[in-house]
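Required output: the full structure, derived from the provided sequences and hints.
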Amino acid sequence: DGIEEIEFGDWTGISDRELDKMFPEIRYEHYHGISDIRYPNGENGENCAIRYDAAINNIIRQASNLNQNRIVIVTHGMAVRAWLCRIFNMPYSNRGILARTLENSSITELSYIDGEWGFERFNDAAHLEGHDELLRKHFK
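Residues 1 to 140 (the working numbering) are what the sequence shown spells out, left to right.
These aren't lab readings, by the way, just hints derived from the structure by calculation.
Possibly wrong hints are sitting among the right ones.
Pairs of lysine to aspartate or glutamate residues, derived as EDC-like cross-links and limited to a Cα-Cα distance of at most 16 Å, are as follows [stated by the list, open to error]:
{"hint": "1", "residue 1": "K137", "residue 2": "E103"}
{"hint": "2", "residue 1": "K21", "residue 2": "D10"}
{"hint": "3", "residue 1": "K137", "residue 2": "D10"}
As the structure is a computational prediction, the values presented were derived from the model and not from experiment.
Right, here's the structure in full:
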């Protein structure tokens, strides 16, 4: 619990193209990192990141109690972007511009040493080579 995708509220299930037509000003702010928009009847980046951070910290505690030092989490793009803004002290508004082409099923690897987060790799989609049809550019 807690690592679910950001709550898009009323925007759930509506294509990017349709949202661009329906909410051009809000979409512009989001796309250009101007503000941490709250989706109508949904979350903003800060709300999502706080929820997500609590879940990650709980997972880390559980792993530590089991003497495990490697954790794999399968998650969602906008939620992980919001959380990355939180842990790397970036404005939450940057979640809309952080890896605009974050690929579905890409790998982001982080290290957590002595309470500090570090990037090992980000948006690695090498495992999708030869499967162009799975890339984000086909899902607008």
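Outcome of the hint check:
{"no.": "1", "hint": "K137 - E103", "in the structure": "holds (9 Å)"}
{"no.": "2", "hint": "K21 - D10", "in the structure": "holds (15 Å)"}
{"no.": "3", "hint": "K137 - D10", "in the structure": "violated (24 Å)"}
In the structure shown, a violation is registered for the earlier hint numbered 3 alone.
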